[in-house]
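Visitor: Okay, here's what each chain looks like letter by letter:
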Amino acid sequence: GAGVSQSPSNKVTEKGKDVELRCDPISGHTALYWYRQSLGQGLEFLIYFQGNSAPDKSGLPSDRFSAERTGGSVSTLTIQRTQQEDSAVYLCASSQGWGRDTEAFFGQGTRLTVV
Amino acid sequence: AQSVSQHNHHVILSEAASLELGCNYSYGGTVNLFWYVQYPGQHLQLLLKYFSGDPLVKGIKGFEAEFIKSKFSFNLRKPSVQWSDTAEYFCAVRNYNNNDMRFGAGTRLTVKP
Chain A
1 GAGVSQSPSN
11 KVTEKGKDVE
21 LRCDPISGHT
31 ALYWYRQSLG
41 QGLEFLIYFQ
51 GNSAPDKSGL
61 PSDRFSAERT
71 GGSVSTLTIQ
81 RTQQEDSAVY
91 LCASSQGWGR
101 DTEAFFGQGT
111 RLTVV
Chain B
1001 AQSVSQHNHH
1011 VILSEAASLE
1021 LGCNYSYGGT
1031 VNLFWYVQYP
1041 GQHLQLLLKY
1051 FSGDPLVKGI
1061 KGFEAEFIKS
1071 KFSFNLRKPS
1081 VQWSDTAEYF
1091 CAVRNYNNND
1101 MRFGAGTRLT
1111 VKP
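Going line by line, the protein sequences match chains A and B. For the first sequence, my numbering assigns the number 1 to the initial residue and increments by one for each residue that follows. For the second sequence, my numbering assigns the number 1001 to the initial residue and increments by one for each residue that follows.
Warning: the hint list may mix true and false statements.
Simulated pairs of lysine to aspartate or glutamate, DMTMM-like, Cα-Cα distance not exceeding 20 Å [unchecked claim]:
#1 LYS1058/B - GLU103/A
#2 LYS15/A - ASP63/A
#3 LYS1069/B - GLU1020/B
#4 LYS1071/B - GLU1088/B
#5 LYS1058/B - ASP101/A
#6 LYS1049/B - ASP101/A
#7 LYS1049/B - GLU1020/B
#8 LYS1069/B - ASP101/A
#9 LYS57/A - ASP1100/B
#10 LYS1049/B - ASP63/A
No lab work stands behind these hints: they were computed from the structure.
Isolated chain A (complex conformation):
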């Protein structure tokens, strides 16, 4: 597709369950970012991938959160043993590589509700 695609668009899960959120970046984009937007909060950085370099995981809030990017393309954000405070909109973005002027393009987000 032409844009960043995220799935599912909405996810309701029970507390304690694991969830996987998927992001399909724009083809050819080497950078991929995950952010979280909680109600009334700003955009919280979670993790970003740049090409084959080790991802910057410094924003992941706990060890229940992990992310991978397979083949330099699709990324999956996994939240294990979900808690109610994990409820938020999870946003994915992608951009071209470093060393050039580029903007990030955002997906529509996955709204996660933990009940």
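With chain A fixed as given, assemble chain B onto it according to the hints.
Guide: Here is chain B on its own, set in the frame of chain A:
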């Protein structure tokens, strides 16, 4: 990693008032700078961007921003706001050399008709 500060959490203005939202960042190297807007119930949209050249950049809907390198600032301005500008505004800074991109906490703008 760079940090981004937006000083105003909530700004309330009347229509036709002038707007300036502050944004400062911490990284001293080459950066790309952005302002995004999120209207109520909608998704993030790019408002304007600075890559290089003229430090005064113009975006959509009459918004502009000025990059002042010596102050590490990229403030957003609009001479006369409208009720339809009610939204949340996010400043973002991208490290040109490693692609790391961070956002400020956002500023909620409420414009009273």
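Visitor: Hey, LYS1058/B versus GLU103/A, does the alpha-carbon distance stay inside 20 Å?
Guide: Cα-Cα ~16 Å, so holds.
Visitor: Are the Cα positions of LYS1069/B and ASP101/A separated by 20 Å at most?
Guide: Holds, at roughly 17 Å.
Visitor: For the pair we were handed, LYS1071/B and GLU1088/B, check the Cα-Cα distance against 20 Å.
Guide: violated, 24 Å
Visitor: Between the alpha carbons of LYS1058/B and ASP101/A, is the straight-line distance 20 Å or under?
Guide: Distance of about 17 Å is within 20 Å: holds.
Visitor: Checking one constraint from the list: CA of LYS1049/B to CA of ASP101/A, max 20 Å. Satisfied?
Guide: Answer holds: LYS1049/B to ASP101/A is near 10 Å, not above 20 Å.
Visitor: Holds or violated: LYS1069/B with GLU1020/B, Cα cutoff 20 Å?
Guide: holds, 18 Å
Visitor: Given the hinted pair LYS1049/B and GLU1020/B, is their Cα-Cα distance within 20 Å?
Guide: With a Cα-Cα distance of about 16 Å, the restraint between LYS1049/B and GLU1020/B holds, given a limit of 20 Å.
Visitor: So if I understand the rule, the pair passes when the alpha-carbon distance is 20 Å or less; does LYS1049/B with ASP63/A pass?
Guide: violated, 35 Å
Visitor: For LYS15/A and ASP63/A, compute the direct alpha-carbon distance and say whether it is at most 20 Å.
Guide: With a Cα-Cα distance of about 16 Å, the restraint between LYS15/A and ASP63/A holds, given a limit of 20 Å.
Visitor: Does LYS57/A pair with ASP1100/B here, judged by a C-alpha cut-off of 20 Å?
Guide: holds, 11 Å
Going through the hint list in order, the structure does not satisfy hints 4 and 10.
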